[in-house]
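2 protein chains.
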Amino acid sequence: MSLINDILNGKVADYLKNIAEKERVLLDFLCQGIREGTIVVPRNLKRTSAAFVAIGKGLFTKVNANVGTSRDRVDIDCEIEKAKVSEKYGADAVMDLSTWGDLSLLRRRIMEAVKIPLGTVPVYEIAYENIKRGQNIEEASWQEFFDVVEKQAREGVDFMTIHAGVCRETMSIFHAFPRKMGIVSRGGAMTAKWMARNKAENPFFQYYDKLLDILLEHDVCISLGDGMRPGCIADATDKVQLRELAILGELAERAHQRGVQVMIEGPGHIPLHEIELNMKIQQVLCRNKPFYVLGPVVTDIAPGYDHITSAIGGAVAASSGADFLCYVTPSEHLKLPDVEDVRTGVIASKIAAHAADIVKRGDVASERDREMSFYRRKRDWNSQIACAIDPEKARSMHADGISETEDVCTMCSEFCPIKMIDEMENKKS
Amino acid sequence: MSLINDILNGKVADYLKNIAEKERVLLDFLCQGIREGTIVVPRNLKRTSAAFVAIGKGLFTKVNANVGTSRDRVDIDCEIEKAKVSEKYGADAVMDLSTWGDLSLLRRRIMEAVKIPLGTVPVYEIAYENIKRGQNIEEASWQEFFDVVEKQAREGVDFMTIHAGVCRETMSIFHAFPRKMGIVSRGGAMTAKWMARNKAENPFFQYYDKLLDILLEHDVCISLGDGMRPGCIADATDKVQLRELAILGELAERAHQRGVQVMIEGPGHIPLHEIELNMKIQQVLCRNKPFYVLGPVVTDIAPGYDHITSAIGGAVAASSGADFLCYVTPSEHLKLPDVEDVRTGVIASKIAAHAADIVKRGDVASERDREMSFYRRKRDWNSQIACAIDPEKARSMHADGISETEDVCTMCSEFCPIKMIDEMENKKS
Chain X
1 MSLINDILNG KVADYLKNIA EKERVLLDFL CQGIREGTIV VPRNLKRTSA
51 AFVAIGKGLF TKVNANVGTS RDRVDIDCEI EKAKVSEKYG ADAVMDLSTW
101 GDLSLLRRRI MEAVKIPLGT VPVYEIAYEN IKRGQNIEEA SWQEFFDVVE
151 KQAREGVDFM TIHAGVCRET MSIFHAFPRK MGIVSRGGAM TAKWMARNKA
201 ENPFFQYYDK LLDILLEHDV CISLGDGMRP GCIADATDKV QLRELAILGE
251 LAERAHQRGV QVMIEGPGHI PLHEIELNMK IQQVLCRNKP FYVLGPVVTD
301 IAPGYDHITS AIGGAVAASS GADFLCYVTP SEHLKLPDVE DVRTGVIASK
351 IAAHAADIVK RGDVASERDR EMSFYRRKRD WNSQIACAID PEKARSMHAD
401 GISETEDVCT MCSEFCPIKM IDEMENKKS
Chain V
1 MSLINDILNG KVADYLKNIA EKERVLLDFL CQGIREGTIV VPRNLKRTSA
51 AFVAIGKGLF TKVNANVGTS RDRVDIDCEI EKAKVSEKYG ADAVMDLSTW
101 GDLSLLRRRI MEAVKIPLGT VPVYEIAYEN IKRGQNIEEA SWQEFFDVVE
151 KQAREGVDFM TIHAGVCRET MSIFHAFPRK MGIVSRGGAM TAKWMARNKA
201 ENPFFQYYDK LLDILLEHDV CISLGDGMRP GCIADATDKV QLRELAILGE
251 LAERAHQRGV QVMIEGPGHI PLHEIELNMK IQQVLCRNKP FYVLGPVVTD
301 IAPGYDHITS AIGGAVAASS GADFLCYVTP SEHLKLPDVE DVRTGVIASK
351 IAAHAADIVK RGDVASERDR EMSFYRRKRD WNSQIACAID PEKARSMHAD
401 GISETEDVCT MCSEFCPIKM IDEMENKKS
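As you go down the protein sequences, you meet chains X and V in turn. Letter 105 of the first sequence, counting from 1, is numbered 105 in the working numbering, and no numbers are missing. Letter 336 of the second sequence, counting from 1, is numbered 336 in the working numbering, and no numbers are missing.
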């Protein structure tokens, strides 16, 4: 039985109580959110040992980290290390976006290595399997689309990105209104290519109910991919992006009606002043289904720093309603991330999520900020470090900044304002 | 003659034409802004060789970088290097916040090393001079406050932070409504301490006209410091911050009426949803005078990453009207920044400023984004790198990500979506 159907039948699993406690919401609120589709708990029926994470309205903002091989970089141990580092620094989910190597083995090893939910993009495996056979994605049969989903579902994948919105209608708009960057979603491009060569509808769109049957059986959460997300500021909020989003809203409703948990994926490259608008449009078109955004990246000109462009966009997106931020690393637009890029990307996204949670959840979210300022006022450096989002980094930077003379840092030394005010108020001698 | 008075008398210096061209505004618009006080061009009459930079309404958002010694770190060459790196990565101004060593020498060397305007905080020099005499700031005479300002003005400083809003009225509110973090402005704390010990009004507040006389003579721009900026999320937008801002608005008006160019300094630690509000309040209370903000930092818990918390806050602040962003480096709250911290801080602030300029100035600001996406679509890596905000970083990261087989990067390799779509559209074979 799927989680939605369990709840509809009055069955409330124990782990939901733990989630409610961790999220600091009432259990009834959590169950209502799942029932109404504003909250998802992506977990495959097979994954009994995994951590359970809830994503959606009224909860803390969650962060996803991507790992995975490419043809140029197949190093399974390195990808496992990335998954572990992601979990260590607070990622709430990990997606394996591998496109080369032993994909089943990699998924199994990730599930052994980390407890957070695992997501995938099945169309990548279809593409790779065809390459292995000396073919390419266009030569896949429509049946393969479903075989791979079923295989991954059996292996225990918790959520899957399915680009069902890349359909004939979307493609006709895509061709009618050319974009500067075209399609920048890998899964979207693969699907579009398959459709063009086969002069056929997207199998996931055409046989969507068949897809839902498989997902329902294993209770896999569907994450409706935005194949048409804008790949540059100039393409943001354009006709094809909005039309696809409307279609995703309809598909999401069908999934939810069947008892399949569903999220919507969103942009992308979006200028700062269009982010809130994008969040509100999604809320209306997709009836408040959880919104899972990549970035948004607020300028195109900062390769090497797209964890920062995305932290800006992600904080604004989440504070206007996005529920789940896909991290972006410094290596975005340049190369496959290494372990250090992954660490930096996760932390930047966690900062964005937390800054937004202060907006969304007020005092419940800012407890740690109050704790930090309490220790900062006391100049209690060890407690400040313990309270930091990355204690290792804070410790090593502070070690380089210990004043020779006093309990202050080298920024102000003698003239630490906090110390001066304490002296003024005679709190300290 | 001061710039404002020149313009009132119909004298339009040649350099204003260059500024108007660079800012892509009409010369009349620029002159009107200076006349009305919504734009400043901080430049000491002595500084004929400096670059002229305009800050304010309708212009591109500017970035300031801080350099300067502290008792624990007195290395003039290192500070000069920081100033040069700041200018190289696009800072529009530099402030010397030194509190130890030969301050006059350091200022002279910075003015020789970089062309961007130089700002200072004179009260730091007063504090240090008293320490050198075996005293402390409380023992300074009120006359010293003006002597130091005059000395620095003669040396050629272009703008000065003056904490004139830390006055008896502000302090009574400060004591009546205790804050978690008290005062976190160094200059604010020095002033408060001096006032408490001497049971006297702040000399810069009490003899404000005398201060304006000196500044007017050298045409130094006054930057009214926010001694009461909140030092943690919990103190944001509180009574004392707002009362000080109202006083700064009144003082700004008096400066402007005298023909002294004036900016207002602003917060600080502010949660994301209060930033726009803070910008709007400043615009009303200070009649659209240029707003120069530090951060804002949107969460307290990220020491080591405050360039990111500030990029988030700075982008939102500038897109809602802030004109001038003071950078924050990764070492904020931990130590005096080193050269690498300075570089990272400047770039993070430049990203925030640019993301906001896309909002404020539309197509004029996003030209480079369109250029970047043009080259990205063509997979022209060298041109993308040339177009990047930090070409060195982009080049080195891409060098680590060159695919063995194709003109794509190692992120997607074989499955580059841009290449797939090109193939689909038969643009390439």
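There's no promise every hint is true.
Since the list gives no way to pick one copy over another, a pair counts as held whenever it fits inside one copy or between any two copies.
[What the hints assert, rightly or not] In silico DMTMM-like links for lysine to aspartate or glutamate, alpha-carbon gap of 25 angstroms or less:
1. Lys193 <-> Glu138
2. Lys115 <-> Glu81
3. Lys151 <-> Asp380
4. Lys180 <-> Asp6
5. Lys210 <-> Asp75
6. Lys84 <-> Glu155
7. Lys378 <-> Asp147
8. Lys57 <-> Glu276
9. Lys280 <-> Glu138
10. Lys419 <-> Asp209
11. Lys393 <-> Asp209
12. Lys180 <-> Glu423
13. Lys84 <-> Glu144
14. Lys393 <-> Asp238
15. Lys419 <-> Glu150
16. Lys393 <-> Glu201
Please keep in mind that the hints were generated in silico from the structure rather than gathered at the bench.
Checklist entry - Is it within a copy, between copies, both, or neither that the alpha carbon of Lys393 lies no farther than 25 angstroms from that of Asp238? => result neither (41 angstroms within a copy, 31 angstroms between copies)
Item to check | Alpha-carbon proximity between Lys393 and Glu201, which holds within one copy, between copies, both or neither at 25 angstroms | outcome: Close neither inside one copy (50 angstroms) nor across copies (43 angstroms); limit 25 angstroms.
Checklist entry - At most 25 angstroms between C-alpha atoms: does Lys115 with Glu81 qualify within a copy, between copies, both, or neither? => result within (14 angstroms within a copy, 47 angstroms between copies)
Checklist entry - 25 angstroms Cα cut-off: does Lys378 pair with Asp147 within a copy, between copies, both or neither? => result neither (60 angstroms within a copy, 35 angstroms between copies)
Item to check | Status of Glu276 relative to Lys57 across identical chains (alpha carbons, at most 25 angstroms) | outcome: Classified as both: same-chain Cα gap 16 angstroms, cross-chain 24 angstroms, threshold 25 angstroms.
Checklist entry - For Lys151 vs Asp380, is the C-alpha pair at or below 25 angstroms within one copy, between two copies, both, or neither? => result Neither. Shortest intra-copy (53 angstroms) and inter-copy (39 angstroms) distances fail the 25 angstroms Cα cut-off.
Checklist entry - Under a CA distance limit of 25 angstroms, which applies to Lys210 and Asp75: within one copy, between copies, both, or neither? => result neither (35 angstroms within a copy, 70 angstroms between copies)
Checklist entry - Is it within, between, both, or neither for Lys393 and Asp209, if the alpha carbons may be no more than 25 angstroms apart? => result For Lys393 and Asp209, neither the intra-copy (49 angstroms) nor the inter-copy (47 angstroms) Cα distance is at most 25 angstroms.
Checklist entry - How do Lys84 and Glu155 come out at 25 angstroms by Cα distance, when the copy is not named: within, between, both, or neither? => result For Lys84 and Glu155, the Cα distance is within 25 angstroms only inside one copy (20 angstroms; across copies 56 angstroms).
Checklist entry - For Lys419 vs Glu150, is the C-alpha pair at or below 25 angstroms within one copy, between two copies, both, or neither? => result neither (63 angstroms within a copy, 29 angstroms between copies)
Checklist entry - Under a CA distance limit of 25 angstroms, which applies to Lys180 and Glu423: within one copy, between copies, both, or neither? => result Close across copies (16 angstroms), not inside one copy (60 angstroms); limit 25 angstroms.
Item to check | Copy assignment of Lys419 with Asp209, given that the CA separation must stay at most 25 angstroms | outcome: Result: close neither inside a copy nor across copies, 66 angstroms intra and 32 angstroms inter.
Hints 3, 4, 5, 7, 9, 10, 11, 13, 14, 15 and 16 from the list above are not met by this structure, while the remaining hints are.
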